[in-house]
Each structure stands twice: as C-alpha cells, then as structure tokens.
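Participant: Listed below, chain by chain, are the residues.
Protein chains: 2
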Amino acid sequence: MIKIKTWGKLALVGLTAATLVACGGSEEKETAKVEKKAEVINWKMVTTWPKNFPGLGTGAENLAKSINEMSNGRINVKVYAAGELVPALEVFDAVSRGTAQMGHGAAYYWKGKAPAAQFFTAVPFGFTAQEINSWIHHGGGLKLWEEIYAPFNLIPMAAGNTGVQMGGWFNKEINSLEDFQGLKMRIPGLGGEVLKKVGGTPINLPGGEIFTSLQTGAIDATEWVGPYNDLAFGLYKAAKFYYYPGWHEPGSTMEALYNKEAFEALPKDLQLIVRAATRQANAEMLDEFTALNNSALQTLINEHNVTLKPFPDDVLSALKKASTETLEEVAAADPMSQKVYDSFKEFGAKVRAWHEVSERAYINARELE
Amino acid sequence: MIKIKTWGKLALVGLTAATLVACGGSEEKETAKVEKKAEVINWKMVTTWPKNFPGLGTGAENLAKSINEMSNGRINVKVYAAGELVPALEVFDAVSRGTAQMGHGAAYYWKGKAPAAQFFTAVPFGFTAQEINSWIHHGGGLKLWEEIYAPFNLIPMAAGNTGVQMGGWFNKEINSLEDFQGLKMRIPGLGGEVLKKVGGTPINLPGGEIFTSLQTGAIDATEWVGPYNDLAFGLYKAAKFYYYPGWHEPGSTMEALYNKEAFEALPKDLQLIVRAATRQANAEMLDEFTALNNSALQTLINEHNVTLKPFPDDVLSALKKASTETLEEVAAADPMSQKVYDSFKEFGAKVRAWHEVSERAYINARELE
Chain F
1 MIKIKTWGKL
11 ALVGLTAATL
21 VACGGSEEKE
31 TAKVEKKAEV
41 INWKMVTTWP
51 KNFPGLGTGA
61 ENLAKSINEM
71 SNGRINVKVY
81 AAGELVPALE
91 VFDAVSRGTA
101 QMGHGAAYYW
111 KGKAPAAQFF
121 TAVPFGFTAQ
131 EINSWIHHGG
141 GLKLWEEIYA
151 PFNLIPMAAG
161 NTGVQMGGWF
171 NKEINSLEDF
181 QGLKMRIPGL
191 GGEVLKKVGG
201 TPINLPGGEI
211 FTSLQTGAID
221 ATEWVGPYND
231 LAFGLYKAAK
241 FYYYPGWHEP
251 GSTMEALYNK
261 EAFEALPKDL
271 QLIVRAATRQ
281 ANAEMLDEFT
291 ALNNSALQTL
301 INEHNVTLKP
311 FPDDVLSALK
321 KASTETLEEV
331 AAADPMSQKV
341 YDSFKEFGAK
351 VRAWHEVSER
361 AYINARELE
Chain A
1 MIKIKTWGKL
11 ALVGLTAATL
21 VACGGSEEKE
31 TAKVEKKAEV
41 INWKMVTTWP
51 KNFPGLGTGA
61 ENLAKSINEM
71 SNGRINVKVY
81 AAGELVPALE
91 VFDAVSRGTA
101 QMGHGAAYYW
111 KGKAPAAQFF
121 TAVPFGFTAQ
131 EINSWIHHGG
141 GLKLWEEIYA
151 PFNLIPMAAG
161 NTGVQMGGWF
171 NKEINSLEDF
181 QGLKMRIPGL
191 GGEVLKKVGG
201 TPINLPGGEI
211 FTSLQTGAID
221 ATEWVGPYND
231 LAFGLYKAAK
241 FYYYPGWHEP
251 GSTMEALYNK
261 EAFEALPKDL
271 QLIVRAATRQ
281 ANAEMLDEFT
291 ALNNSALQTL
301 INEHNVTLKP
311 FPDDVLSALK
321 KASTETLEEV
331 AAADPMSQKV
341 YDSFKEFGAK
351 VRAWHEVSER
361 AYINARELE
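Listed in order, the protein sequences are those of chains F and A.
At position 205 of the first sequence (counting the first as 1) the number is 205 in UniProt numbering, and the numbers step up by one without a gap.
At position 349 of the second sequence (counting the first as 1) the number is 349 in UniProt numbering, and the numbers step up by one without a gap.
Pulled out of the complex, with its shape left as it was, chain F reads as follows (with noise of 0.2 Å):
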C-alpha cells in the first residue's frame, strides 16, 4: 500500500521519467517516511472516572501514557475524564461508533444494554481478584466477554482491579438482618438487587451527589470504593459512620474498551503492545490498591474516628443465600447471562476447591498464634 501511494506521489512531483528510475529508491523511502509522520494514529480514550479521580482515574491516564511510549509515539491516545468528551455514562456508546477509540470504565455499567456484561466487574459472593483475572484469562472469561460486546463493535479488556471492596458506610449498627429492612443505601448493580431481597431500598447515585445525600440523610448508608478512594472523597464527614468488610465487590475488575475496527486497524505489533499495556495497567491498578488501602484505613479509624465493624456472621450468611438467589435469576433473564453464570460456577468451584486448600488455608495459618 505505502508503495502504490508512493509512486502516486512520485507522479504528481512531475520529474522526467529517468529520474524516476535514477532515484525511484530514494523518492520511495522518502515518502514512506513523510507518510509514517503522517501515519500517528491519533485515539480519543474516553472514561466514566472523575478528572484525577485517584486510583481508577489515573490508572486509565497510566494506560494512555503507556501506550504512547511503547508505541513510541505512532499511537497517541488523549484521555478524556467523564463529562469531558461525553458523559461517564455515554462511554460504551462513544466507543461503539467510534466518536472515540477506547474507553475505560466498568463492564456492569453496561447492564442495561448487556445484562452479562456485569459478570466482568464483580459478583456478591464471587471471584477475588485473583480469582476473577484467571477466569477472564485462562478460564474461558475473556472469550464469553468478547462475545457478548462484540454486536457493539466493541473488544474489552480488563485494565485494572481494586482488591476487596469495602462493604460500606452505614450511620447505624448492622447487627441482624432486620437492620437492613427500608435501609436506604447507595448501592448499583448486583449488590443493589441483593440488599433489596433482605429488606433494604437500594438507590442508584453518581458519585457527585453521595456527600449531600448522606449529609441531608436522603440515604442511610452507601458504598464506594476501599479507604484510599473513601477517604479523598471526603466520606467521612457526611456523618458519624459504621465501616463494614465487603461481600458484594470482592476483587472489581475496571475495563478497557476498544473499537473493533480501530483495534483491527492497528499493524500486529501495535495490537499487542496495546494489549500488554492493558494488561499491566489491570495488574498495576491492583498492586496500588493493595498497597495504598491500609494507611488510608488507618487514617480513617485513628484521625477521623470512623468505627470499623464485622458484619455478624448470620447476616453474611443471609446475603451469601440472596446473593445466589439473585443471580440464578439475572442468569433465567437471558441466554447470554445464563451462559456466563455457568461458566462463572464452574470456574468458581473449582478455583474455590483450590483456594481452600491454598489462599484460605494459607492465609488463615498466617494468623494463628
């Protein structure tokens, strides 16, 4: 292709026909190096984080810069905040038609167009972390996500991970089930469908609005993040809060999205470098996570006199069973769900043998005296 492009160039310069073949060489690297300049493949990302939103956000700036570098230059991906470009929410549609080439936010967002989708963020009762990046990855996982975005246009990829996510804030004690009943919680997707079956009201907030939501008592309790991101968000000054462990997030899988045919477009060599950066930007993310939560637990107990509390263990079990319930029935929704819940459960006990006798055992035996 360069070549034809070239000698049609090379005919509009208008030199005599010798010079031509005298310098056909010549002229023909130079316009394939004039064309490779021109060649910078310019790519919009678009995401549903906040501008610097800590974590998440920056994770996604980690990954444009990335792909920048290791493409040395010949991609250059400009990374919108929400709002800025489109809406948080209007990413996978951005994406879809291409108004941008990839985005960065979380598949269960897409719910409403891709009830399956939400799978590939995390489950009440479901994978770790490193339960849920070797389902996608060597599990079957990746390929059933590929599946469902593919009449979007889309190809996902997971590209980040926050661990365990907090169970939330509450401004009273949870000390049975019955706590929970016409409990106003800010809580999306699964672990919303969840509260609703043991008594609570879950309602759908962006992040903006949760400080004065929690101030006014509009809601009684929500959850965002872990302490790294609750505590530069200010959480705990809305009110005096109970903070519980979590069982509806435990290991959230941030995504990539890219457009099929921007993807396709791109030479091999390009493909796979956006891979790889993708691919550390999903470790990267986690291992910031880790490494950053304990301290901001730490400044949120000791300077901020929030109350770290167990949930009792019979309402951990009440949620567990509700969990299940719930899933069984976004999987008996749509054939697509149905397929990714069985992979889910078939990967998920197997890897839960597994981890019994290694993750759990393990870290259980670690903390005997």
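Rather than coming from a laboratory, the hints here were simulated on the basis of the structure.
No false leads were slipped in.
Treat identical chains as interchangeable: a pair holds within one or across any two.
When the alpha-carbon atoms are kept at most 30 Å apart in a straight line, the in silico DSBU-like pairs for lysine-lysine are as follows: (1) Lys143 - Lys111; (2) Lys143 - Lys320; (3) Lys321 - Lys184; (4) Lys65 - Lys143; (5) Lys237 - Lys51; (6) Lys339 - Lys321; (7) Lys320 - Lys196; (8) Lys78 - Lys111; (9) Lys320 - Lys309; (10) Lys65 - Lys268; (11) Lys268 - Lys78; (12) Lys65 - Lys260; (13) Lys240 - Lys309.
Position chain A relative to chain F; hints supplied.
Facilitator: Chain A in isolation, oriented as in the chain F frame:
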C-alpha cells in the same frame, strides 16, 4: 534527526545536479536499510527450567515471544533451557557477564551471592502473590531488589508467580512437631532452614534427582511446586504419599534478569516494551496456575490415591515461630538483608492489617453456611 534528513533530500528533488546527490541519498538509504537489518538486537535468554517445563518454563518462552512480537522483530530473544547454554544455577553469572542478555529463574537461587535476594522469591509465612506484587511495585521492593543486583550488572523484574505452593509430599502423616524429627526432606532456601529448626534435615536436590531419591527412601519427603507441576512431574508414582498445604512459599515470584548494559542500550520504547512484556508474563503465570491447579489436585486425589491432609494448627504455629527466628538470623548476618527485611516487615504489617478486613475477611465470609 529523521525529519532533517527527509527535508534536506526533498529540497533536492527534481534538480539535475542534485539528482546525483539524491541518488547518493538512495545509497545512503540502502545502507540505512542494511544497518536497520543489522540492528536486530539478538538476545539470548538462559533459564533455570527444564525444556518445556509447564508454567515456569513455558512462561519464560511466552515472555520471549511477547518481546519479539511487540518489538516487531527489533529484538529477537532465543530461549535456552537449563543446560543448553549454561547449567540452571549459572544463569545469574551468565547474564551478569553478558554471555546471555537475559535470564529467567527465581531470586532465591542466588542466595549464595546475595543473601537478600531470597526475600524476592518467597518467605515462609510471608507475602501471598498479591502482596509480594504490591510490595515489589508499590512498596519499595523493586528499588531494593535493583540495589542488590546492581553490583552484578543486573536488573531484576518480577516475571511470574505460582501462587501458594504446596507444603509437600510426605511418606507418613505429620501429626505433631515430633514427626519432623530426623525427617529428611528436599526443601531448599528459607523453608529448609525452618525445617532444620524444628528438627528435620533439609536436603537440597535438583529436580531431576527427587523422584529416585523418594523411591529409594533416600529422602522421606519433598516439596516441589503445586498440583499442576507436581502431577506433571509424576511424584505421586514414587511412593504412597500424604500431600500437605503450604506455608513456606506462599506466593513465589519468578524473576527475569536483564544484563544492565544490554537493557540500557535499548531505546526507551524497547525498554518499556520489555518491562510491559515482563509484567504481563508476571500476571499471566499466576492466572495460569490459579486456573489449572485444581484439576491437577483432583486428579492426584481421585486417580492416584494421594491423601490430602492439613498440618495440625500447633505444627503450623511452631513452623511460624521458627520462620520468624530464621528471618531474624538471615537479617542479622548481612546489612542488605536487614534493610530488605525491615521493608518486608513494615510493608507486611500494613498489608496484613488491610487483608485482615479485605481478602481474609471475605474469603472466610464466602465459606459461611
């Protein structure tokens, strides 16, 4: 530089006198082309793994393939199994002196040269895979690891993780600490030191001699990796065995070693490609082991009559106490080890506090009835 040359030549295009110059340019281009061809960077990767060794050896192969493909052939890495170019335990020296430009193995193999290196593979009752990755990439670990290797002209990177390794294969049940008395067990590194403290006899054998030693009774027990590798290695055939969960290598990091001059001679984009390919390999191996260990474990139990047993809690407690003593001794013997141990302890206290309310709380809550 490219830009200057290009415009310089374009200015001459079409002029008779300059045609010669332009044609000279052609010559120069050809030469540049030849040079470019000659510029393929041929690297050798020596490894500590037998040819086609599942997970660890194939992980090294995949890393080479990624570098080759992501660089579009600008780097060409050829992989050598243990013994093909240098013996397994000469990988460190071979890369240090530049016989090979990179290596793949595990840092604790080099404890004779740099005792502090062993903290970067696995520590008894130390970090899980998720924790060691976070320490290395976000807790100051990598900087220390680089400091240890700098005098050897080497740059280390994390390049794979097995997850929690099994505690090993025993020809009798371990019901109390007394059962370790006089037990001859193949167990290298810090785990071996700990075994010695509780009365056992650690024996260091290369992989190839384990099977026969078990069969003849020269050793009573061995650890290797985990079900996926142990099944492939056929250990279950050597005797009637009890198989125990692990404590001594709770998330073993494999390493890629780069010759410092070779790595630093790469242009920036290739350096970043090598780093991302290595980070990808690091994640990929853990995903693979996490996905494949369970089936192998089930095969061992159900088809090969291996008995899976937990160590009693008091045995684990004693091993943990002996582990801490061992680490204190290693640290006291060498200033660099002390520096690394201090970082390990500080990060460890924080990450365990966080995992107490996240990973551990969750993984236990998930198993509630």
